[in-house]
Amino acid sequence: MFQNSHDYSNGSRRHFLAQSAFGVSSLALATLLKDDQLLGAPEKPPLEEITYDLKPKKTTHPARAKSMISIFCGGGPSHLDLFDRKPTLDEYAGKRFPGDGIKYDNAGQATSIIMPAPDTFEKCGESGMEINTALLPHFGEIVDDVTLIRSMQLPNIRNHVAGMRAMTTGRGREGWPSLGSWVTYGLGAETQNLPAFVAITIPRNPVGSPYWDSRQLPSIYQGTVVSKSEPRIANLNPISQLRGKPQSNQLDLLKELNQIHLERHPGEDDLSARIASYELAARMQTAATEALDLTKETEATHQMYGSNDPVTKEFADACILARRFVERGVRFVQIWNYAWDMHENIFAALESRCRSCDKPCAALVTDLKQRGLLDSTMVQWGGEMGRLPVVQDRGAGKKPGRDHNTEGFSIWMAGGGIKEGHIHGATDDFGHRAVQDVVTQHDFHATLLHQFGLKADELHFEHNAQPVALVEPGQGKVAEGILK
Amino acid sequence: MFYRVNALLLPGLISLFAWSSSAPAAEEQLTFEKDIRPIFKAYCFHCHGEEKELSGALDLRLKRLILKGGDSGDAISPGKHADSLLFQYVESGDMPPDEKLRLKPEEVAVIARWIDQGAVAGPEPTGEVKPGEFLMTEAERSHWAFQPIQKAKLPDVARLAEEHKSETLNPVDVFVARKLQAKGLWFSEEADRLTLIRRVAFDLTGLPPAPEDVKTYLSDKSPNAYEKMVDRLLASPHYGERWARHWLDVAGYADSEGYDDKDVIRPDAWHYRDYVIRALNADKPWDQFIQEQLAGDELVKATHATAQKLVDQDPAVCDKLTATGFLRLAPDGTGSGPMDPALAQNQVITETVKIMSSSLLGMTVGCAECHHHRFDPIPQEDFYRLRAVIAPVYDADKWRKPASRRAALMSQAEKAKVAELSAQVKKLDEQHNQIKAEVTKLISERVLKEVPDADRERAKTAYDTAVKERTAEQSEFLKKKYPMLDLLVPGRLHLFLARYKDGKELAKRYEDVKAEADEIRKQIPQPEYIRVATEDTQHLPETFVFYRGDISSPESEKITPGGLTVVGSKAENTFAINDPALPTSGRRLAYARYLTSGQHPLVARVLMNRFWMHHFGQAIVDSTGDFGSRAATPTHPDLLDWLAADFMEHGWELKRIHRLIMTSRTYRQTSASHSEKAMAIDADNRLLWRMNLRRLEAESIRDAILAVSGELNRDQFGAPVPVSLADSGIITVGSGKISPDRRELKRSIYIQVRRTQPVTMLNAFDAPSMEPNCEQRVSSTVATQSLALLNSEFMREQSVAFAKRVLATAEKPADAANLVQTAWKLALSNEPSSAELQALEKHYQLQLQEYQAKKVKAPRQEALTSLCHVLFGTNQFLYIE
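Chains as they are written, first to last, in this note's numbering: chain A, 1 to 484; chain B, 1 to 881.
Please keep in mind that the hints were generated in silico from the structure rather than gathered at the bench. The beta-carbon is built from N, C-alpha and C at its ideal position, and this holds for glycine as well. Hints should not be assumed to be uniformly reliable.
[Stated by the list, open to error] Stretch by stretch, here's where chain B covers chain A in the computed footprint (C-beta under 8 angstroms, at least three residues): (1) 117-124; (2) 252-258; (3) 277-286.
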């Protein structure tokens, strides 16, 4: 491959820019828009090299998943109270934690008194997965479709920002491309009419820099934010003065002027690519507006997700949107809900949080399954940490909470070739530290990439002539135990 | 037709370990050095020779070592490839063990042929060769980029001489013409004047030409009108802003520290940015420019202890110290409480080495942080030689956080006020601490009351003992049984107070004093600071190679400061540990002088190659940051060398080079020329048979829109314009409103570069992410750019302003044709063709009808706004011909 770079009779950077262009090169476009007969040019031979565009890419091995919906519950949902029942906590209730190594984030309120979980755990489904059904009744009904990973761990990470960064970029340090960017870079997009990577925020952005940033990768791999209020996608819709006919008049004029200009510069691929990119933008406006229109969904669907109920509406809308995006070929959707940091009054807080999201999230899995999309769509639910087995005391009159715990926590996954009704890994008797089949963020990422048909050790790009990878060689291993 | 991709930018899945080979003819004699070693270096040396531990006791670095074989026996049987273990292993894929490293079939075939031919090698070094030692071959040393820069005699190109008769030939043209002629090609005709002034204006200032400048140029009938126009633009104060941007990319300029999500703002970095703009405007010779940036402090004999005093005494010193901001551009998380300070410190140093090497040496020295370079003759030691050059600034033993690496700019009167108020604050702070300690004591008594009687006395004794003086048993007792007591110190007092009813009242006791202190604190004049790189003279750190880049595994041998060993010899480019003539170590000054001596083969070539790229849209060596063995072959090596040599001979003055390049026939060609023949021979225009069409860079797009709308605030320099993040995820300049000083409308170079918050509009058009620097931008064409151009607030605001300007400028504002013509001319400098004019008028009328029907307030203005908006999005606006 590289010998070409030594031969300048044909190859060049310029050509690279024009032909393998980022996003809407003439070549990419010729392939993409062939069906639509937008360009009459014959299809050119496919590139062997992987380039910065959104064309569908070859995988290194057969992919089990085509798309992913990640429901990111930032703040640290308490694994102990939701997913990981520990009888030892009941035994030690009110006594001191006998072990050591607890790292408190909030030292002034730290105690070492064990706080048991609610006694509302039940075995569910045929798999008999034990979860807190008082808080997660709907999840209880889909446990036979999911793998519950009880052994997540983020080495050397303590706080939220570093944790969310680790879960989304592999590193606690700021400055690296996010998971969705990696996946769309590695696989391209299934549709060119919608952004390949979408981030839906409920109700506010998580703290820290955007977790959907493409960083050193070109901005086509950046997550497009869908926010709760208008404009839901930035720059998607024309300002009021241009809505409708005025903007289509503008596009007509643009096309005409650009065409005249192109005639003076025949064969300049970048110029025709830009003409096409305006057409694509126009189609994106239509396609995204359609995708965002939830009135197209049936009443039964709204019922199922709970979008008629103010308690569940935000999550329900986000989950339906996620499904609509995936149905339309979006590669990676991440729902962000930074609302799970429960330092005090944890049981009431958990109840209220779970009530808002349990039904919609379970409905999402069921709905995807009914529509035959679950096989090719990985769904993942979880945050960047769990919580400690001991009481966090915020003082007189304050009900207890739990402090951060990145040593051990739980997430669940479904679809895309992930085992059904399966539990993976375990924490110690106090639910403090993952001890069996530990899954770090690197293992998690390697596993996701594996399901997408990509090898974590190979996926990389070059920045300033040096390789950058999501998972550095040898750092993460595929969690084979959770794969079908 | 195959589409070939630049190695540097190629993100291919298997691009890590690629290897260049050309299949030699069957009878050609293969040699170890030429044909085999590069394959082994890329795939095998890592385990078989370049690490201290030899895998399988097999060393593949020399033929005689290969013949010794390893644990598994003989590696090769010369003459019989099928019997050779080495061949069997690589052919079956058992070696290399890493699956993603597979030799290509043609590489395996080369190895087989080499063995069959008897495994021939040239003369090899004698004596013991220890595993882990780096062996550099003659072939590697003779790579073109490491050879001295030669100014070749200008070739004779008869046709060119004939066409230009009496004129002096421009050397640029001579070299380009020779290449063109060799391929049966020739120059295109000269572009028209409007195209030329637009091209020159954007190239030199990043802005469209002002209407008056266009007029002056068009009406100038003198034979050197073009040269005068170039000179006028070279003298523009905007020149420095444009060319500073290019340098700030490779230097990695940012207004925030990066590293973690706090991404702490660097309030003081901008002085360096302004220094660069001023230096370029003044045409400061680049040898001096480089010396100041690497060692400005040493030039003025400043140390960490004396820098402030020198700044106070002499403003001229200030400039030199500001220049050292170059060494302070890498992300620096050491001031924001990193998890692992040692790692964070190391990161600053390694990233600085990477910036120094990719900006000035054009070599990927960063690879050698952990191991010998896989492709280039850069031993791991080289990375640490460069590290040793800057080690006295970034002394890991005496680390200074960003806040203590700066010098204040302040007047005497201000200083006196600072002293007075600081004294008052100090007094109050002491009072505050005392009260706080008393309250802490009070709280501890309450907590102790809650402790069971049996433990109370013991807990009290332990608690009353100062934290550092507690016995292990006492600390353990508190930690395990009464963590609250363990944690109760004045610093955490506020967390405890919430537990008590009278907490607020207790807090008030000391908080009031603090409020008073804070009030005075606010009145203390805040100086502006410059970020500087200075050395402590009391301590000289030692540098060691870190085994595999791991800071906890230093090797035993001390590393001396120096340049790349492949360039010249160590005798020439190893510097003194400590220069007795200077108060500082003198390492950086020695290094800077060595780089700018005129003898260094890389520096001037690397710079010139980038200058060329900024003029032509493509470089002579495509891989601008990699001149090593994987580098692209130069399209015009003689020209690159000639220019580099000429640059150095004539005092490293860049403006002179601009003039030389821009007055060439090569540069003045049209880009709109098409020739079937030329396309068939050189479709990519590598030989420059016409000018390249180039898309404007992100900053130029924004600046040009502002210039045309009339909104551009041309104020220069100063603190960066802040950016802000909206709920929609868009990052904008300013926070939505235009301030009275209109700073939001300044040129893009003055916008805050926040690593975590790239301005959406600029980012969409490929403004780089500084991680840590960007040695070559990409130029993309994506739908998000179109959406931003069609629908963003910024475009709307500027279109409205532009329409107002058109109405105010047009001679006949009531005449539609005159309006649209005026708009076109303001945006694009030239006149619309009749087809274009027709399309414009039609649009204006259509929109007018539309808005009249909708009964909007000012339909004409709205229709004109729409038209102005479209002009900003046309290819004619976004591309330079």
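Results for each hint:
Check result for the stretch 117-124 of chain A against chain B: violated, 0 residues qualifying (beta carbon to beta carbon below 8 angstroms, three or more required). Note: the stretch 252-258 of chain A has 6 residues with beta-carbon separation from chain B under 8 angstroms; the three-residue rule is met and the coverage holds. Counting residues of the stretch 277-286 of chain A whose CB lies closer than 8 angstroms to any CB of chain B gives 6, which reaches the minimum of 3, so the coverage claim holds.
Violated hint: 1 only; the structure is consistent with all others.
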